[in-house]
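Undergrad: Could you put together the complete structure from these sequences and hints?
Each chain is listed here by its residues.
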Amino acid sequence: MLIVMLIISFGVFMLVSLLPGDAVYAMLGDTISQETYDMVYHELGLDQPLLLRYGNWMLGVLRGDFGTSYQFHMPVVDLLKTRVPITIFLSILATLIAMPLGVLFGVIAAVHRGKKIDTVITLTANACSCLPQFWIGIFLMYIFSVQLGWLPSFGFTWPWENFGQHILELIMPIICLSIDGIAGIARQTRSSMLESIRQDYVRTAWSKGLTERSVIYIHTLKNSMIPIVSLLGVRLSYMVGGSIFVESVFSIPGMGSLLVRAITSKDIPVVQACVLLTAFVTCAAYILTDLLYVLVDPRIKLTQKD
Amino acid sequence: MENLLQVEGIKTDFITTGKRVEAVVNASFDLKRGEIIGIVGESGSGKSVTMLSVLKLINPPGRVVGGDVRLAGIEENILSFDSKGEKMRNVRGGRIGMIFQEPMTSLNPVLTVGYQIAETILTHKKCSKAEAKQKAIEMMKAVRIPDAERRYNAYPQEFSGGMRQRIMIAIALAADPDVLIADEATTALDVTIQAQLLEMLKELAQTRGVAVIIVTHNMGIVARYADRIYVMYSGSVVETAETDVIFGCPEHPYTRGLLAAIPRLNDAKDRVLVPIDGLLPDASNRAPYCAFYERCLYRKNSCAKMPIPKLTGIGTNHFVACHLTVAERAARQAELLEREQRKTPKKQIREETCIEVRNLTKRFAVRAGLLQKTVGYVHALEKVSFAIRRGETLGVVGESGCGKSTLARLIMRVYAPDEGEILFHGRDIAHEKERNLKDVRREVAMVFQDPYSSLDPRQTAESIVGEALKIHHLCPDKEAYGKRVSELFRLVELDPELRKRVPHEFSGGQRQRLGIARALAASPTLIIFDEPISALDVSVQAQIINLLEKLQAQLGVSYMFIAHDLAVVRHISDRILVMYLGQAVEIASCEKLYEMPLHPYTQALLSSVPTADPVLERTRQPLKLGGEIPSVLKRPKGCPFSDRCPKAMECCHILSPELVDMGEGHMVACHLYGGK
Numbered sequence: 001m002l003i004v005m006l007i008i009s010f011g012v013f014m015l016v017s018l019l020p021g022d023a024v025y026a027m028l029g030d031t032i033s034q035e036t037y038d039m040v041y042h043e044l045g046l047d048q049p050l051l052l053r054y055g056n057w058m059l060g061v062l063r064g065d066f067g068t069s070y071q072f073h074m075p076v077v078d079l080l081k082t083r084v085p086i087t088i089f090l091s092i093l094a095t096l097i098a099m100p101l102g103v104l105f106g107v108i109a110a111v112h113r114g115k116k117i118d119t120v121i122t123l124t125a126n127a128c129s130c131l132p133q134f135w136i137g138i139f140l141m142y143i144f145s146v147q148l149g150w151l152p153s154f155g156f157t158w159p160w161e162n163f164g165q166h167i168l169e170l171i172m173p174i175i176c177l178s179i180d181g182i183a184g185i186a187r188q189t190r191s192s193m194l195e196s197i198r199q200d201y202v203r204t205a206w207s208k209g210l211t212e213r214s215v216i217y218i219h220t221l222k223n224s225m226i227p228i229v230s231l232l233g234v235r236l237s238y239m240v241g242g243s244i245f246v247e248s249v250f251s252i253p254g255m256g257s258l259l260v261r262a263i264t265s266k267d268i269p270v271v272q273a274c275v276l277l278t279a280f281v282t283c284a285a286y287i288l289t290d291l292l293y294v295l296v297d298p299r300i301k302l303t304q305k306d
Numbered sequence: 001m002e003n004l005l006q007v008e009g010i011k012t013d014f015i016t017t018g019k020r021v022e023a024v025v026n027a028s029f030d031l032k033r034g035e036i037i038g039i040v041g042e043s044g045s046g047k048s049v050t051m052l053s054v055l056k057l058i059n060p061p062g063r064v065v066g067g068d069v070r071l072a073g074i075e076e077n078i079l080s081f082d083s084k085g086e087k088m089r090n091v092r093g094g095r096i097g098m099i100f101q102e103p104m105t106s107l108n109p110v111l112t113v114g115y116q117i118a119e120t121i122l123t124h125k126k127c128s129k130a131e132a133k134q135k136a137i138e139m140m141k142a143v144r145i146p147d148a149e150r151r152y153n154a155y156p157q158e159f160s161g162g163m164r165q166r167i168m169i170a171i172a173l174a175a176d177p178d179v180l181i182a183d184e185a186t187t188a189l190d191v192t193i194q195a196q197l198l199e200m201l202k203e204l205a206q207t208r209g210v211a212v213i214i215v216t217h218n219m220g221i222v223a224r225y226a227d228r229i230y231v232m233y234s235g236s237v238v239e240t241a242e243t244d245v246i247f248g249c250p251e252h253p254y255t256r257g258l259l260a261a262i263p264r265l266n267d268a269k270d271r272v273l274v275p276i277d278g279l280l281p282d283a284s285n286r287a288p289y290c291a292f293y294e295r296c297l298y299r300k301n302s303c304a305k306m307p308i309p310k311l312t313g314i315g316t317n318h319f320v321a322c323h324l325t326v327a328e329r330a331a332r333q334a335e336l337l338e339r340e341q342r343k344t345p346k347k348q349i350r351e352e353t354c355i356e357v358r359n360l361t362k363r364f365a366v367r368a369g370l371l372q373k374t375v376g377y378v379h380a381l382e383k384v385s386f387a388i389r390r391g392e393t394l395g396v397v398g399e400s401g402c403g404k405s406t407l408a409r410l411i412m413r414v415y416a417p418d419e420g421e422i423l424f425h426g427r428d429i430a431h432e433k434e435r436n437l438k439d440v441r442r443e444v445a446m447v448f449q450d451p452y453s454s455l456d457p458r459q460t461a462e463s464i465v466g467e468a469l470k471i472h473h474l475c476p477d478k479e480a481y482g483k484r485v486s487e488l489f490r491l492v493e494l495d496p497e498l499r500k501r502v503p504h505e506f507s508g509g510q511r512q513r514l515g516i517a518r519a520l521a522a523s524p525t526l527i528i529f530d531e532p533i534s535a536l537d538v539s540v541q542a543q544i545i546n547l548l549e550k551l552q553a554q555l556g557v558s559y560m561f562i563a564h565d566l567a568v569v570r571h572i573s574d575r576i577l578v579m580y581l582g583q584a585v586e587i588a589s590c591e592k593l594y595e596m597p598l599h600p601y602t603q604a605l606l607s608s609v610p611t612a613d614p615v616l617e618r619t620r621q622p623l624k625l626g627g628e629i630p631s632v633l634k635r636p637k638g639c640p641f642s643d644r645c646p647k648a649m650e651c652c653h654i655l656s657p658e659l660v661d662m663g664e665g666h667m668v669a670c671h672l673y674g675g676k
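Chains Y and W, in that order, are what the protein sequence lines are. Each residue of the first sequence is one higher than the one before, starting from 1 at the first, in the working numbering. Each residue of the second sequence is one higher than the one before, starting from 1 at the first, in the working numbering.
The hints are simulated quantities; they were obtained by calculation from the structure and are not laboratory data.
In silico DSS-like links for lysine-lysine, alpha-carbon gap of 27 Å or less:
1) Y:Lys116 to W:Lys19
2) W:Lys133 to W:Lys87
3) W:Lys56 to Y:Lys115
4) Y:Lys115 to W:Lys87
5) Y:Lys222 to W:Lys135
To spell it out: a stretch of chain W is covered by chain Y in this simulated footprint if at least three of its residues, at any positions, have a beta carbon under 8 Å from a beta carbon of chain Y; those stretches are:
6) 89-101
7) 118-126
Simulated DEER-style distance windows between Cβ atoms:
8) Y:Tyr217 to W:Ser83: 17 to 27 Å
9) Y:Lys116 to W:Glu158: 37 to 47 Å
10) Y:Ile3 to W:Lys84: 45 to 55 Å
11) Y:Leu59 to W:Val414: 51 to 61 Å
12) Y:Leu59 to W:Arg367: 36 to 46 Å
13) Y:Ile3 to W:Val375: 19 to 29 Å
14) Y:Asn56 to W:Met104: 53 to 63 Å
15) W:Ser83 to Y:Gln147: 42 to 52 Å
16) W:Asn153 to Y:Ile3: 32 to 42 Å
For every residue, glycine included, the Cβ atom is placed at its ideal position computed from N, Cα and C.
TA: As structure tokens, this is what we get:
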């Protein structure tokens, strides 16, 4: 993970450095004098060699200093402090909703394989994973906010500030974020359930006279969870990525919308910080997945015993 | 009702790609309290499907379409119950327990074995979780799992195959059922473990008053354990009688055929096996007459005009489904016997040595850790020595992990040995470089166990058989090549017309013939057979054994025949090498070894194998051999067999014995016989 993060950080740094467009102009506008330009250029350290700049930047990052936003003229860290929790909150909530629902739909489809309900679930799931998130967002907004006026179309409130408002504002973004996850998890669950249901130990379970519930939820699902858990990490990182669209559509002041604004206004320190954080969350999600494996699959042991 | 379980006319279909495969056509049997019955038949006879049908465990696309199953104490036909309903669930596990074939996959890998046993108890008994756990631990002790309390929380993968099957037995018996179905329960296990399990099963059944149904293709097992036997063929029961009657005077032509096809430990050495020619009828397209008609040696023309025969009684508990009368069959049998009076083809063993192996040793490094450091060695083979003469067959027997296959691979020079010599016609090839081995490769050929995966599915039969001819430039032109391929096909009794077909168009027996033809192509002097018939059905096994004997007599080639079936090895071999944990424990001529085995392991091995002869079986007391087959990783000190040996002495635990000649080439490695 350390190596991955190092490579990404370098990539992020280089990517932005090599982009066309000038940081100083982005910061102060293009009507400044040459003297001011030179001064700021020097202040930003842009006259130093690339590797040295990278080194300095990394040192700062490790100390929790991502530099100063060109656009907001305040430390990036302070900017992120208010926004990152919102994004993480949204992503985790969406994953937590997607997981049980997806598994439930997948199990229903697998148990009723070939029946009508299976066809409906499978078709819907396939359709949903094809729909782009921003499209779903706009579509929902059109119906529930514009036509029906039931739900607010933008904003974000923490639950401890105003719980009712929080719920109302959250419904659409969460649906939007989790629908793809539900569909994906449902499809994965269905195929992995169908795989386990054919196994000999399921036949053994039936031969013991267990109820269908026990056979499905204890004997089959527990084995099917292994591939599903591996999907969980991928899902969580998708959610963080998906929040970029969703936050923009619903004007939620999270990291996603910050990133979009930073990119359009060439606010390099903010872009760097956001991308690096996203990468970090993704890596963390994968590590979490590996740890979860140990919980679901007793065949994997962390410590090797003799 | 007198019977505990009465099954009438089970009929089960599978619908696949529009075809209706009638897997079971008409299976009936009954079972009394405390009885052990055997259901025997070859693969495809529908014996397992019948058992699954009784418990309504057939999954779509399969379907039980007919039948009547009565269980004592239940007024209704249990097939009329909803397969997921409560009544059926009470029968499953509660009244009838079942053990399946594959111990490796039949237990749930993510649940502890204790939970899996306790679950059955909780489902069928009114008790608390703690009581269920207590009972589960008792069950684990009953099936002799050492250290049961601690291992309650272990997962299936922490147990060996034999131990897992014990756990399966514990699960099946946990809720005190009346009937236990063991569906090929010991087929996948080694013979000594198989004997341990079956003995235990019998004991448990007796003490708990459980009636047992043993489903198997192994005639020896039913001869040893069953009271009555049902013989199934192509989806129907064709004969049933008490065990002695089935083996003593079988009446159905199929039963007679089956018994004539299997080698037994107490056979005369030159007995000819009589295979059943032909194939099982296509279950999706059944003829309206007797299913065995096409392969029957007793048939009359009228049999094809009559409907499928029904079971008719001809003696106490003896029922046969055949149109012929007893007298008619007896007359025909006398006729057949007269015609069949041939002996195995005479072969010539020359004094000249074909291959000699001296002190062959192979160790595999065990690596661990990040840097793959060698942390130890697996002693796959330790100082094995033997010789095979021209035209001789050496049988190699031993249980899994004894190094049989490693030995074969070393002689083939797939691996290079760590120590020792391989003298092939006097030349040491043990460390020869690959480029100098070409002529050896021509002279040593191999036939593999699985006729399905050992042939390239995309090559035609001709190119599979002829490849060696091309590699060794044995045919000057196309014409000679074509001629030689046809000759090889004829040698293995295949029609040369089939040469353009690909492997999946052949049956299992035919494929193994192709494998043999491939081995013969370059006229080798030594052929190594690695379990060549264990994947085949009994009737086909006999064909292949006969073929091998014929070829050896005709071509004078030497065989090294690796197998775990001791009766087969005895039938085909001149001398036998017994291996245990990578060491040769005994080498002797076939007669000597079976009449007077010296090594305690050989004795135990021989007594573990049930013979297809119930009268003889009753006189034999199976030698109880405890313990698991140890892994090569944890080899005991001294003699490898010392920790399981009933006669182990102090010195056995310290010093590994050497092979000592006891006279007439009977070699044994055991301290009991004076070796140091």
